Amino acid sequence: MIPLMHVILDVGAEAEQAGARKFREVLEAKLRKEFLSEDVRIVESANLGVSGQGVCMLVYPDEVYYGNLKLSDADRIVDQHFINGKPVEELFLDSPEMRRLMAWRRREGIIKKGRGRVVLDNVGAVDPENLAEYKSRDGFRALAEAVRGGTPEGVLDTVKRSGLRGRGGAGFPTGMKWEAVREAPGDRKYVICNADEGEPGTFKDRIILEGDPFRVLEAMALAGYATGAEEGYVYVRGEYRTSIDRLENAIRKSREAGYLGRNILGSPFSFEVRVKEGAGAYICGEETALIESLEGKRGTPRLKPPYPVTEGLWGRPTVVNNVETLANVPPILRNGADWFRKFGTERSPGTKIYLIIGHVVSPGLVEVETTTSLRELIYGYGGGIRGRRRLKAVQVGGSSGGIFDPSVLDEAMHFDALKEKGGILGSGSMLVMDETTCIVDMVHGILNFFLHESCGACFPCRIGNERLVRTVNGFRSGSARPSDIDLLEEIASAMKVASYCALGQSPFLPLSTAIRYFREEFEEHVNGKCRAGVCRFKVLKERQEARRWTVVMSR
Amino acid sequence: MTTSQIIRSLEPTQDNLLAILHRVQDANPANFLDQPELREVADYLELPYSFVYGVATFYSMFSVKPRGRHVVRVCASPPCHLMGGRTIRDELREYLGVEFGDTTEDGLFTLELSSCLGTCGIAPAMMIDGEIFGNLDGVRLREILDRKRREEP
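So the sequences go chain by chain: C and V.
In this note's numbering, each residue carries its 1-based index in the first sequence increased by 1276.
In this note's numbering, each residue carries its 1-based index in the second sequence increased by 142.
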């Protein structure tokens, strides 16, 4: 039976804590009592795009958002809204921030139907555990068309023409990567989906995997078809339990329905997907470290070249694509390369998922075209800065991205956006910092993270990170000398040149941009001043004290 | 299931090593990989013990030291740091009375640091076993830990 109404219940981490599961039970009990269980389907969503609103849900077809729901509200909503058709207005999702945000969006005309939703169009709209719902939204159509009437060359050609670039951080053209694997010699090839999302400030892949896992599988099969691979692996970080469960469920159901496995849909093409679980290592997001880990070893990176496209998993040609990159593939093949190119810019076509986090009113993620400016992202989608404070800095692209002052606000966030300013788009994360933030302290936090995550295999990274943290700590404690500012840059650039992999090269960007845009603050710290009042200058104070005593005693 | 059965529930290929270690650790009452277990895994996969030990100590989710019933993993990444992560870390250390990597005397909690948990929208965040807790402050932190304590038999 087709349900008359859909309830999309937010079961994200925050809603779950607010009691979303319990609310679901109460709502289900009430629906059973009213004999409505078949007519109202409850779908769980990892993220409704709202924050700080407790238990919230979206009701279709009315498109009504309810927020801050208490258990007792379930009965009322069923009676008034579901049975009598009158949405309960008092329970609508509402807050000053939300009102401001909605007004801004209306004013700026941001809510235009269908705009930009290439990747996340199913997330929150389908039951991620239900194959039929995925299929009802054109799911597996691209794969069916490819294996029945298409050719691998055709699929490859469309992806190439679309200009799709990798969404994992580097922005490498996906079609070129696929072509390299296709042309690489070897009878066994592999497709790996990199779902080891660990870049601080990034959780887009989790939302895709939890909200639309079938799409990732379809894309992997298409990648296999285009490149000549018959086996695929999804490497998911161990902390993403829900993603792993949903993927395994999706693989089982896709295989039963003939979309994965031997002779897909009766064609000669076969493709198997397995899930591999990580065990907590940031470095495994680096593709060669990921491959090592997948082979059952310590996740230390390999020296490149050779690149995975020629010598990857078990030494064979391997495609490694990020989750978001793959999620773009089925809609591109369904609608064509030209359709995709209508979004975004010439060199960065399509949309991008941006994560807007830190000191903003409504932290979260949004998928918009790559023509969107940083200002729109922070003040529009993020709702502006919390607590009427002023924007001080924003770190674009995750922890290895550059730290900028507000002068970059009007830059469009495409892949090559911040290149001449010394930045990268990276994972698409925008860490927003207000004036209460101390840049030196923040840099310390970032460097500490790299120190913790360095795998220790090569010495520039292992020792360099240690030295960086110690030096920057000098600024916080008051023992730094003026020349230490240049020393920081010097160490980071040596690491950039000499490190084995991207992790050792990472501190350079945040450090060099922080020094370029906020040099004054580093200088102030040398003199024992922290304008945000965060740093305590313990060493400096101890020295002052000691000096004072020396003076007293010598008298 | 005995440990041997758990180990043998997956094919003896090296790429299953991490999965086997996960399963063995999950079944261990003290939440860690002990030496005999690691040796048995090494034998099953025909790998040197030193290699298996090397893998087990590389990944932060594995432990070769006994741990408490609940593993509290607090996010140490920059976004959480920005939102007050350091205070949360200090509060946790103080409230549980242990340093990172150690277990409380009653054997209930082990305190660990974690890289980004991917819940930056609700920073600062921590994970207790598989469960995420976000928007933390000192009060909420104590509530959550107290509730965990009360749930114990």
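Quick caveat, the hints were computed from the structure, so don't treat them as lab data.
In this text the structure is predicted, and so the values were computed from the model without any measurement.
Backbone N, C-alpha and C define an ideal beta-carbon position, used for all residues, glycine too.
Any given hint could turn out to be false.
Pairs of lysine-lysine residues, derived as DSS-like cross-links and limited to a Cα-Cα distance of at most 25 Å, are as follows [stated by the list, open to error]: (1) Lys1814(C) <-> Lys1697(C); (2) Lys290(V) <-> Lys1573(C); (3) Lys1346(C) <-> Lys1580(C); (4) Lys1772(C) <-> Lys1814(C); (5) Lys290(V) <-> Lys1298(C); (6) Lys1309(C) <-> Lys1362(C); (7) Lys207(V) <-> Lys290(V); (8) Lys1618(C) <-> Lys1436(C); (9) Lys290(V) <-> Lys1346(C).
Chain C side only, calculated, beta carbon under 7 Å to chain V, not exhaustive [unchecked claim]: (10) Glu1290; (11) Gly1325; (12) Ser1327; (13) Gly1474; (14) Gly1556; (15) Glu1571; (16) Arg1574; (17) Arg1578; (18) Leu1579; (19) Lys1580; (20) Phe1725; (21) Leu1727; (22) Glu1729; (23) Gly1732; (24) Ala1733; (25) Cys1734.
* **Broken hints, by number** => 1, 2, 3, 4, 11, 17, 18, 19, 21, 23, 24 and 25
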